[in-house]
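Hey, can you work out the whole structure from these sequences and the hints?
Take a look at the letters that make up each chain.
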Amino acid sequence: MATQNGSGVGPPSIVVNDLTIERSGTRILTDVSFEFGPGTLVGVVGPNGAGKSTLFEAISGRIPIHHGSAAIYADRPLNQGSVAYVPQRDSINWRIPVTVEDVVMMGRTNSKGWLRRYGREDRELCRQSLDRVNLWDRRSALMTELSGGQRQRAFIARALCQEASVLLLDESFSGVDVGAQEDIVQVLRGLRDEGKIILLATHDLTNLAERFDICLCINKHVCACGPPEEAFTPQVLEELYGSHGVVFATGGSSHSHEEPGRTPVQEQHEDTHPVHD
Amino acid sequence: MIEYIFDPFQYNFMIRALVVSVLVGAMCPIIGAYVIARGRSFMGDALAHSVLPGMVVAFMLGFSPLAAAVPAGVGIAALMGFISRKTGVSEDTSVGIVFAGMFALGLTMLATAEGLTVNVEDLLLGQVLGVTTMDVYVSLGLAAMVIAALYAIHRIAVYATFDPVSAEVVGIPVNMVDYALLTLLALVIVIGIQAAGIVLVMAMLITPAAAGHLLARRFVSGMIVGAVIGSISAIAGLYLSYYMNIPSGPAMALIATGVFALAAAYKRRAI
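Chain order of the listed sequences is A and B.
Under our numbering, the first residue of the first sequence carries the number 44, and numbering increases by one thereafter.
Under our numbering, the first residue of the second sequence carries the number 9, and numbering increases by one thereafter.
Among the clues, some could well be false.
What the hints assert, rightly or not - Label-pair restraints from in silico Cβ distances:
hint, chain 1, residue 1, chain 2, residue 2, range
1, B, P79, A, R232, 54 to 60 Å
2, B, L124, A, T187, 46 to 52 Å
3, B, Y12, A, Q171, 26 to 32 Å
4, A, E188, B, G266, 49 to 55 Å
5, A, R138, B, A152, 46 to 52 Å
6, A, R160, B, A75, 44 to 50 Å
7, A, D61, B, A152, 50 to 56 Å
What the hints assert, rightly or not - If you want the footprint, here are the derived chain B segments under chain A, 3+ residues with CB under 8 Å:
hint, stretch
8, 35-47
9, 82-91
10, 255-266
These are computed hints drawn from the structure, not numbers from a lab.
The C-beta atom is built at its ideal place from N, Cα and C for all residues, glycine as well.
Below you can see the structure in the form of structure tokens.
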């Protein structure tokens, strides 16, 4: 019934079984089941309102589950940092001035040891994490001074500093230009190769086939789950985006998808921030 | 000239007033930085107005109004936090209802209570020249508590303010942090009411903190710059109040507003 945050030794995994979520009487997700093992880079694909964020909330134990189960098995409990969450940018409070380094150091904070002073190990981990996402030079910048892509990389550095084995990234490509999206994917691939499980939710079909090992297609239920070239059949696209979804070819490389009245170009616009990648 | 600065302090009441003014000037922007970052200005103003009934009850029973305002403020902070969590009514609506209702209750009690010697204007507009030795000790104790608590929760409070979703996932009690900050806000408001009054304590909470936010780059340095600006405004307001015989709340609020205008002008030039 409930989310289990299994702790045990061994490689991480996510197991979701017949998961059903309701909100004020409306079904958001119905009978969702999937299982991912270590070293998997998953694109969670679906239109806005398909329940992608809700799925992440359920996996990370933030909302009650009405039926079925969602469990993460990792080296330590959820509240000790085994799962890193990169929320949509709308749920970040940009009014509080924090630097890139402040944000990455948040990765060293969890339900244990709020008062513990940061030690040399913590700082070293922070430096390594920033190095990996290529932001060490920007460590003293305020988060609001970064471009959309740099912000996402800072959040990924926080996940690294947290030493999480599972990463949940909610709409990390929105407001990020294609080049910066590639930088993010590059970092995520490296993490996958280390055995981490990464789920990235996106409503944007650009370059999905190249980017992800597995695509989990959701529109209130699982429409398809598998390698992109198998997952995106015309029927699945129909289910995801209605009859307007036509442009994506199976196994395609750079085909993009057009939502009615909205071109991919509009969706990929970069934030008007002073600094760009 | 020099005698204008030092002469007032031959009176003990002025020394007490100075201590409380500096405490108000420093403490309000420190918690005010959180109020601004969390968009809780209205909540702060509402909290200040809502402690009035508690203070009037204290006057009627002969207690220290300051001591009575502490449980009143904390209780109302918890009530507002509770209401704001309930879905259906938006936060500012529910806060507004409590604000208006409690303030109306306090004013009604003041108007109907018999034999009250309290000066309503002092309560609403602040009269720092009238603080007692007891008030000084209570204020010092509250300030020490607030500083210690803020220091203890600093890291998780910044995390929960910046990214509540991720904070919750890693096991930070985001709701508890929310209540804790509201409670600390209530305590600071109680200190602030003595100097700035119920109506204008908002000015000391928000204005110097906003100026600090403009002038400093980071969150904590903004708090510190805000505390310096708040203290200067409070001391200058104290002199204004002493020499011009005006309530201390408006005096301090006017000066804080002037300093904010200067900070904003400086910031514009710097850009």
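Distance restraint hint 46 to 52 Å, applied to the beta-carbon atoms of B:L124 and A:T187: Once the Cβ atoms are compared, 51 Å apart, the range 46 to 52 Å for A:T187 and B:L124 holds.
Given coverage of the stretch 82-91 of chain B by chain A, checked by CB-CB distance under 8 Å (3 or more): Our answer is that it is violated, as 0 residues pass the Cβ test (under 8 Å) against chain A, missing three.
Status of the given 54 to 60 Å range, CB of A:R232 versus CB of B:P79: Holds, at about 57 Å.
Verdict for A:R138, B:A152 (Cβ pair) under range 46 to 52 Å: violated, 28 Å
Range hint 49 to 55 Å (beta carbons of A:E188 and B:G266) holds or violated: violated, 30 Å
Within 8 Å of chain A (C-beta), three or more residues of the stretch 35-47 of chain B: Result for this restraint: holds, n = 4.
A:D61 paired with B:A152, Cβ distance criterion 50 to 56 Å: For B:A152 against A:D61, whose Cβ atoms are near 54 Å apart, the range 50 to 56 Å holds.
Supplied distance hint 26 to 32 Å, evaluated on CB atoms of B:Y12 and A:Q171: violated, 60 Å
Whether chain A covers the stretch 255-266 of chain B (at least 3 residues having a Cβ closer than 8 Å to its Cβ atoms): Contact hint for the stretch 255-266 of chain B vs chain A: violated, 0 residues under 8 Å.
A:R160 versus B:A75 beta-carbon gap, inside 44 to 50 Å or not: violated, 36 Å
Of the numbered hints stated above, those contradicted by the structure are hints 3, 4, 5, 6, 9 and 10, listed in ascending order.
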